[in-house]
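Residue numbers (the numbering used here), protein chains in the order written: chain A, 1 to 303; chain B, 1 to 336.
These aren't lab readings, by the way, just hints derived from the structure by calculation. Hints should not be assumed to be uniformly reliable.
[Said to hold, decoys possible] Cβ-Cβ distance ranges computed for the label pairs, FRET-style: (1) A/Q79 <-> B/Y325: 57 to 63 Å; (2) B/E293 <-> A/W72: 57 to 63 Å; (3) B/T179 <-> A/L87: 44 to 50 Å; (4) A/P116 <-> B/L242: 50 to 56 Å; (5) B/S127 <-> A/S59: 48 to 54 Å.
Where a beta carbon is used, it is the ideal one built from N, C-alpha and C, also for glycine.
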Amino acid sequence: MTTANSLPAVDQSLLYPSPLKEFWQAFAHNKGAVAGLMFMILIVFCALFAPWVAPYNPSEQFRDFLLTPPAWLEGGQWQFLLGTDELGRDLLSRLIHGARLSLMIGMASVLMSLIPGIFLGLVAGFFPRVMGPGIMRLMDVMLALPSLLLAVAIVAILGPGLINTVIAIAIVSLPSYVRLTRAAVMGELNRDYVTAARLAGASLPRLMFITVLPNCMAPLIVQATLSFSSAILDAAALGFLGLGVQPPTPEWGTMLASARDYIERAWWVVTLPGLTILLSVLAINLMGDGLRDALDPKLKNAV
Amino acid sequence: MLSFIARRLGLLIPTFFGVTLLTFALIRMIPGDPVEVMMGERRVDPAMHAEALHRLGLDKPLYAQYFDYIGNLAHGDLGESLRTRESVWHEFITLFPATLELSLAALLFAGTVGLIAGVIAALKRGSLFDHGVMGISLAGYSMPIFWWGLLLIMFFSVWLGWTPVSGRIDLLYDIEPRTGFMLIDTLLSDEEGAFVDALQHLILPAVVLGTIPLAVIARMTRSAMLEVLREDYVRTARAKGLSPARVVFVHGLRNALIPVLTVIGLQVGTLLAGAVLTETIFSWPGVGKWLIESIGARDYPVVQNGILLIACLVIMVNFVVDILYGLANPRIRHQR
């Protein structure tokens, strides 16, 4: 009997695909998600290489070119592709540098809420009698306030500025991570593999972070994308209200706030920063949808 | 049912105290000396400083300060504005109808358009209309509404001149505030054309404020309808020979409405947060604009208790939605 030797070569495509490849196939199936990803790559590129990509320094004022319209319009100058603002600053350069700020705010606030959120959620899930109710009630209280309003309140107390914007947004998005982690942990704790790990003598931190946590990551990653986009929106809203990043820093929302006075004669200073915010948030939300479908088919019909 | 309401009420109490703790703590987190911050001047005379500290009750231990705060709240005393010397409650209650009118108009807009678009999208699943509705609602969901407001003002008010730019009514009209709702007050008054003018002022802000709820409602209606239309009883209704309209609206939509109503209830928080932005853009004299202006003026009693009042409002609405949901769906009522 010939066995191993005579078997045909294993067809590689019949093997289990690597998790990464499987994920990518599911993600790439969603056209919107891929489009969102492409746009985000563009934005990230601009943000990373802002000083080289942007034609000018974002705060350089060209006094002879106040409120120049975009290049393709009458009176436009090719040296200012998207026109200039009320102080003669190049709009394109400001938008590109603004991408830097928005992405930084988004990333910092997601990290600052994700890590404590996961920790609190794990604690609440592992100690449902002792710590759970207290933590969850606290989160309910935070959820009782509309997120933007809570952020406004926090910034009102701490004072406006970049760091305080990040802190406010991080605090506001904390409850959703805690709730998601706790719910996922409660679901996992009854599984056999957790019991097995317990019987094998796994310590509590090991049980928490190595056994259970990786299995709870899917909804958390999706939530992180969604709160990344809402962080950008909230930061822009705070900037618009004059409570966020202060001028002359080229933040998208702050740019809109100062553009309000020129609504009657310079549509581009009003339209372009907002369009950038909308497209970035839309791109991230599209990516989030794709991630959700790829990572967790169960969540597909959730709103 | 009663025990269900009692259980939910029981959950309400700790949340309420939590919110008071939060607003209490917020004010104590102001960096710097509270007296100097509130008086707005540096280096107050030490005797006056001590006197002010005592008058504000800030020389007591923290827990005593908190009990004072709760005691005042229980007496309905929400403090007075540093700017106008008016009681915070009085200011809130005079401005609130404006916000309520705006929010109701926004909800009406979002509800009607969202329901109709969602139902049609579900019925024509996969069609161009369906993709269009889903695409637009995704964009609406990602919309920075402060920019959306500016855009609409630019288009409809500045270029086309169809609607006024700001406020609730033209200064020409002298409307006596009887109900606080401009639409009703203008109808009650005998000023000619006032109602139409008030309506014109209301349209743009309502559309702006309603945009995000509209997106959420349209998506939710679509997915709820799709789910319901697959049910056996819908097939039975069709097989009985009922008219398509009757199947869709009586058998389908009525059942699909339950999750949609919950989502609408949950939009109240979004509406109030959106009101802050919308009222600022359109100079709408409501609670949101009042809060932002108070923050700018460092009017801390207003900020503190204005936020408390809004939080209580959101808690109450969520409570009512919960109860209604329990009424509509016995499975929720009997959980646990």
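Hint-by-hint comparison with the structure:
At about 60 Å, the CB distance of A/Q79 to B/Y325 agrees with the hint of 57 to 63 Å. Taken as a hint, the range 57 to 63 Å is violated for the pair B/E293 and A/W72, whose Cβ atoms sit roughly 40 Å apart. Checking the proposed 44 to 50 Å range against B/T179 and A/L87 shows it holds: the Cβ atoms sit about 46 Å from each other. Range check, A/P116 to B/L242: about 55 Å between beta-carbon atoms, so the 50 to 56 Å window is met.
Hint check: B/S127 to A/S59, Cβ distance near 49 Å, so the stated range 48 to 54 Å holds.
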